[in-house]
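Go by the hints and put chain B with the ligand onto chain A.
Below, each chain spelled out in residue letters.
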Amino acid sequence: MTDLTSDESAAPSTDPVTDWASDYDIFDPDYVTDPFPVWDDLRAECPIAKTERWGGSWLPTTYEDVVAMARMVPELSSSDPIVVRPPDDGPSDHGDGGGSYHTVNAPPISSDPPVHTWSRRLILPYFSPKATAQHEPFTRQLCHDLIDAHIDSGTIDGAAEYAQQIPPRVIAHLLGVDPEKADDFTEWVRGVLEVGLSNPAVRTKYRIKIREFFMGEIADRKKNPGDDLISDLLSAEVEGEPISDLHIAGTCNLLLVAGIDTTWSSIGAALWHLADNPQDTRRLVDDPSMLPTANEEFLRAYAPVTMARVVQEDIEVQGCPMSAGDKILMNFPGANRDPEAFEDADQVIIDRQRNRHVAFGVGIHRCAGSNLARMEMEVAIGVFLERIPEFSLVDPSAVTWAGGQVRGPRQLPIRF
Amino acid sequence: MKIVIDSDKCEGHNRCYSIAPELIEVDDFGYATAAGDGNVPAELEEKARLAVDNCPEFAVTIVED
Ligand code: HEM
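Quick note, the sequences are listed as chains A and B, same order. Quick note: the first sequence, position 146, residue 146 per this note's numbering, numbers continuous. Quick note: the second sequence, position 16, residue 432 per this note's numbering, numbers continuous.
Excised from the complex, chain A in its bound form:
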């Protein structure tokens, strides 16, 4: 299914970390598997950590700091939300001030106001609660089909064979592109965001594939306009001007990249929790109306996404001197585990009523796809529980996690 070579997809090599406060490594295998104790220690002793690894960055760990920094616009820019820098000689297409995401302009996530404001507004109507509800029947059928394929075997990989299969197909459906493309999407997005995160050469290869694909779709829609997001963007105007093809390709690229890895990570993490906590599974099977509340708790406890900001002018935050050009990791997952902000922050409490979590970020870059992501998660977990009400991990040590800036299980063998 994937032509990522084994060389390309090898885990990033990391030197052991001895001091997390001054030398953390977001690709450290233990941190990828279990980052929570690291954040707890840092919060207590040095709430904003620093590292020179992977191009250098700062890592806030308290809810208060993360939320405050997410609101520091324009002092902190979104122009380059990935930490590991691309090779200097890599081609860049910062065409129209849309900014760069994996070296591709990807408005609105990679842009600051004023480009951010209009480019976000262009796509929001496709992700309102009403708009996302339209994709629910498709998503539900898809989840049933995936289970049908495994129900007689008594085992399923909850990540590779279930969670990973859902978002690429929902996005293809939303963008109005060939559903057969879904497996390619999966490969491209892993190439960009998972493997490519620490390997800029792989990232470049896959970002070119994505851009070529969308440039082709754009050319096609110009000849045959349809009733879909790409056609709508082609006919949209901002201040009387059409939007450039590059901007549209950048936004499509973002929807692909931001909508796939993230959502399958969340679905996978929730299934991992349930496979290991039969009492929670039982409660949700007995009372599916608890699912939306439980889902928010899974999002809080296993938030997958950490995007970066770039410091614009030298500033000091909590006594840390940050210089222009420094990167800051918006540690939304760490904020969600802060005991100052959440009672029993380290416990997963599926009926937690007060849950101001920031898995989807806060401020102007709040995840534009959050309603779609929630719908996908609720349907995916709901259908799984309906069809497979009792299940467990085949072997807890066989579970693997990907991490860095998007964390979630990648192999999750489940028995039922």
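Treat the hints with care, as some may be off.
To be verified - Using 30 Å as the maximum straight-line C-alpha spacing, the simulated BS3-like pairs for lysine-lysine come out as follows:
# : chain 1 : residue 1 : chain 2 : residue 2
1 : B       : Lys463    : B       : Lys425
2 : B       : Lys418    : A       : Lys209
3 : B       : Lys463    : A       : Lys222
4 : A       : Lys205    : B       : Lys463
5 : A       : Lys205    : A       : Lys222
6 : A       : Lys181    : A       : Lys130
7 : A       : Lys181    : A       : Lys209
8 : A       : Lys130    : A       : Lys222
9 : A       : Lys181    : A       : Lys222
These are computed hints drawn from the structure, not numbers from a lab.
Chain B with the ligand only, in chain A's frame:
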């Protein structure tokens, strides 16, 4: 009791709407406003409080009569 949304703070998370759809309206862009005059019937007061306590932007408040 009245529910009030500060539209300068709302970023369209839709947490309030999913908790208390009876009390909240959402526009095409996902931004929330209080439904009608914002009055909260007694049986929805708990939901209104939850809408306040789950907003990541602190955009939802309650005004007690
Ligand atoms: C559970 C799944 C998801 C999680 C946890 C998640 C998380 C996030 C976070 C934390 C941000 C903010 C980044 C920042 O502050 O720099 C973000 C932005 C964004 N996400 Fe998601 N996301 C998810 C799914 C999706 C989906 C399904 C889509 C759409 C197909 C999507 C589209 C976007 C877009 C367009 C932005 C940029 C918004 C802006 O910059 O204004 N996401 N996401």
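Just to be careful, I want the Cα atoms of lysine 181(A) and lysine 130(A) compared with a cutoff of 30 Å; is the pair within it? Cα-Cα ~26 Å, so holds.
Quickly compare the C-alpha distance for lysine 181(A) and lysine 222(A) to 30 Å and report which way the hint goes. At roughly 20 Å apart (the allowed maximum being 30 Å), lysine 222(A) and lysine 181(A) satisfy the hint.
Pair hint lysine 463(B) and lysine 425(B), alpha-carbon separation not exceeding 30 Å: With a Cα-Cα distance of about 20 Å, the restraint between lysine 463(B) and lysine 425(B) holds, given a limit of 30 Å.
Hint check: lysine 181(A) vs lysine 209(A), CA-CA at most 30 Å. Holds or violated? holds, 12 Å
Is the Cα-Cα distance between lysine 205(A) and lysine 463(B) 30 Å or less? Violated, at about 49 Å.
Quick one, are lysine 205(A) and lysine 222(A) close enough, alpha carbons at most 30 Å? holds, 26 Å
Hinted pair, alpha-carbon criterion (30 Å max): lysine 463(B), lysine 222(A). Please report holds or violated. violated, 48 Å
Would the pair lysine 418(B) and lysine 209(A) pass a check requiring their Cα atoms to be no farther apart than 30 Å? Given pair lysine 418(B), lysine 209(A) is violated - Cα atoms ~52 Å apart, limit 30 Å.
Would the pair lysine 130(A) and lysine 222(A) pass a check requiring their Cα atoms to be no farther apart than 30 Å? holds, 28 Å
The structure does not agree with the numbered hints 2, 3 and 4 stated previously, though it agrees with the rest.
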